[in-house]
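Asker: Build the full structure now, drawing on both the sequences and the hints.
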Amino acid sequence: RIPSNPTPLSAPQEQQVRDLYYKNVRAKCAKEIEAFAACAHTRTLSLMYACRPEKLSMNSCLLSYQGQDQLDIARAEWFRLAGERKRAREEHKRKVEEGKRKHAEWWGLDERGVLVGKKGEPG
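Counting the sequence shown from 1 gives a position; my numbering is that position plus 583.
Just so you know, the hints here were simulated from the structure itself, not pulled from any lab data. Among the hints, erroneous ones may be present.
With a straight-line cut-off of 27 Å between C-alpha atoms, the simulated DSSO-like cross-links for lysine-lysine are [said to hold, decoys possible]: (1) 638 / 611; (2) 606 / 669; (3) 606 / 638; (4) 638 / 614.
Answerer: This is the structure we're talking about:
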């Protein structure tokens, strides 16, 4: 759910919204993009003539999904996924802390990371 008065997003957050927007548009036009890619696969100079219908079809599809309304849909999806991103960050942090704890336990380190226990043997 989008907040009723959302705070402005930072530049990286806006980039995430745009990435989501482009991903959604590419998903909606996947058939047209695939057709153009299949036509263009083995061509070089003849591409602009041989694949013109596929290119026009792909471009018209992409243009039909451009606009502020689609960007607003992507922004709403970004806000909806914010909870999932937060949970993923917390889970990652928990795993890192667990790894550090196991490492310290295995090597016999104290909370500062200093070896505790046996002194080095005289050599």
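Asker: Broken hints, numbered, in rising order?
Answerer: The structure breaks none of the hints.
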